[in-house]
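Undergrad: Now for the letters of each chain:
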Amino acid sequence: MARAISPRRKLITTAAAWTIALIIFFPIFWTILTSFKTEAQAINDPPLFFNFDWTLENYSVVQERSDYMRFLWNSVIIAGGSTLLGILIAVPAAWSMAFVPSRRTKDILLWMLSTKMLPAVGVLYPISLLFVEFNLLDTRIGLVVVLMLINLPIIVWMLYTYFREIPGEILEAARMDGATLKEEILYVLTPMAIPGIASTVLLNFILAWNEAFWTLNLTAANAAPLTAFIASYSSPEGLFFAKLSAASTMAIAPILILGWFSQKQLVRGLTFGAVK
Amino acid sequence: MSLKSTLRAATALSLITAGSAFADGHSATITIATVNNGDMIRMQGYTDQFTEETGIAVEWVTLEENVLRQRVTTDITTNGGQFDIMTIGMYEAPIWGSNDWLVPLDDLSAEYDVDDILPAMRAGLSYNGTLYAAPFYGESSMVMYRTDLMEEAGLEMPAAPTWQFIREAAAAMDDPENDINGICLRGKAGWGEGGAFITVTGNSFGARWFDEDWNAQFDQPEWAEALNFYVNLMNDYGPEGYATNGFNENLSLFNQGKCGMWIDATVAASFVTGDDSTVADSVGFALAPNSEGVDKRANWLWAWALAIPAGTQQADEAKQFIEWATSKDYIELVAENEGWANVPPGARTSLYETPEYQAVPFAQMTLDSINAADPNNPTVDPVPYTGIQFAAIPEWAGMATEVSQEFSAAYAGQQTVEEALANAQAIANETMEAAGYR
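Top line first, the protein sequences correspond to chains E and B.
Letter by letter, the first sequence follows residues 1 to 276 of the numbering used here.
Letter by letter, the second sequence follows residues 1001 to 1438 of the numbering used here.
Note that these hints are calculated values from the structure, not bench results.
The beta-carbon is built from N, C-alpha and C at its ideal position, and this holds for glycine as well.
Careful, some of the hints might be misleading.
[Claimed, not checked] What the simulated footprint calls covered on chain B by chain E, stretch by stretch (three residues with Cβ under 8 Å from a Cβ of chain E suffice, anywhere in the stretch; the number is not a length):
{"hint": "1", "segment": "1064-1071"}
{"hint": "2", "segment": "1225-1231"}
{"hint": "3", "segment": "1416-1428"}
[Unchecked claim] Cβ-Cβ distance ranges computed for the label pairs, FRET-style:
{"hint": "4", "chain 1": "E", "residue 1": "Glu133", "chain 2": "B", "residue 2": "Ala1434", "range": "27 to 33 Å"}
{"hint": "5", "chain 1": "E", "residue 1": "Phe49", "chain 2": "B", "residue 2": "Pro1221", "range": "49 to 55 Å"}
{"hint": "6", "chain 1": "E", "residue 1": "Ala253", "chain 2": "B", "residue 2": "Ser1350", "range": "44 to 50 Å"}
Using the sequences plus the hints, can you model the full thing?
TA: Quick look at the structure:
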């Protein structure tokens, strides 16, 4: 039953939501602002808000020093490849867990999640040795596989929750009409779960895009994505905050734009199934 | 998008990925791992000339310092062979050299003139007399102070001040109303940040980390004196929140005219007198201080050096690059294009004999500071290790970071100096015991 909301309460909620959103967005805003300052203005105390000479110099220096497009392309391939590969594996897995659960399904789900509980650095050496063994160091395919494996538990869990919302009777009906297993998943289940799959894809794309442990530790010159691009502007001896900010802005811009355009699906997917 | 087309797209993408992975093979290209310091960036700008001269292409991988250490250590220990040259420091060179992880640089050409490398740098980058890394630039630490504020205060900075004088000068220059702190020093946790600074401060008060049998010495009066002096000095005349200030934070404060004095890396001299500094015209330099009557000063020794990991397939090409980048000719190349103040300092004796470089205001003091540092004899009482702001043992990085966290907690007022020293004593002794030193 819907509750009546008083205008005053609505005002307070809206104001609170905006305040929280602005606080969360502030670091990104500040990074973008700093990227248009000179190095001296960037560290000015008191901080400068809008009263400085805007400059594009940092962007031109960053552009000149690093091959942005190469890092961007690597990011797209690695984040996109690992997400798609993950979905391909996770859809059948989540299907079986949601519709033909066995006695052990719950345990398997928990066990999958437990792999996320180990700090990444704990398996740095085993993974590195495997990469050396299989000649995967500094290759995109290697990172696609590693990031896919890291995000797979989340993908399976998300899809599993979405699939659970779909009545099993619909699939049964399809089976009675003579649909094969493949047809059942492809033409009946998937179209119904599209919002869920879309938000899973988006969320995992963002997670893979931002992943900054494996992408830094397993790459050198060829497969380094935008995380390495940002890291290369951090300096122990010297103040390069403005250039670092310009590099950061360039790295987050694509994902920010993607998130902006797909926010409707993202929100819908994330709240899908929350209200019963 | 239907699942079918998604499938097709995914397959296509995996194929592209796999295809380009195989196309990545390279022949005469060397890969160099480095940090984002001014001199390194400048070197990247000149690599085209190296490629022109030798036909060897160069790929740069620039990383944040701590990531670089982790990355490079993993690569060496797993024999990953990702890098042909690595930028390492004075801490790593002897340890890695002794493990045979680095290619010895014992057959450099006569033209390179290896004897021209400053003796302190050469010693610090060698193991058992064999050089394992060539210094690209070297640094010590020294006092940088505001000549105008000093004059106003009616004081004159001696060329070799004591800590007692530093305190007196800090009191005289401290001016909270005008937002000027008497002194700015590192307090940030981390063995290479505040840990390095407090270790050399300890040296200059006659303290040491270990006695000759690897027993921790934080329970000795010298450490109490050093740490209390530092904490009182900073609480009285230092900036707010100094417990989290490192090199960059202090550089920022000094450049904005908010510090009377700053004791830090000599390489900062070119920054505080450079374009981004508001006080560039009024900076003086002096040797790092000592406590009265102690003949060790609070100056460290460090070098960013180029080394070749043992796993490389292109040792000859890598050696060629190192000879080029750390040569006298490279220094002249930079001087010609960007002026003498911008050449990589602290690596070669001949640089300090060049009349043009002698005219650079901080040149002599940098050399004097480097010469005043002796990694084989860093403390008043004998110690079982080499290194000044660190001990060249593998356990150091972890242990010293923990100890410096205890100290930073004391700076922030979360515990007393006595508690911090007691905790440091326990950490150091436990680490040494676990590692089998004692």
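Undergrad: None of the hints should be skipped; say for each whether it holds.
TA: Verification of the hints:
By the rule of at least three residues with a Cβ nearer than 8 Å to a Cβ of chain E, the coverage given for the segment 1064-1071 of chain B holds, with 5 such residues. For the segment 1225-1231 of chain B, the stated coverage by chain E is violated: 0 residues have a C-beta nearer than 8 Å to a C-beta of that chain, whereas at least 3 were required. Counting residues of the segment 1416-1428 of chain B whose C-beta lies closer than 8 Å to any C-beta of chain E gives 0; at least three are required, and the coverage claim is violated. Between E/Glu133 and B/Ala1434, the C-beta spacing of about 31 Å keeps the proposed range 27 to 33 Å intact.
A hinted range of 49 to 55 Å holds for the C-beta pair E/Phe49 and B/Pro1221, which are about 51 Å apart. For E/Ala253 and B/Ser1350, the Cβ-Cβ distance of about 47 Å falls inside the hinted range of 44 to 50 Å, so the restraint holds.
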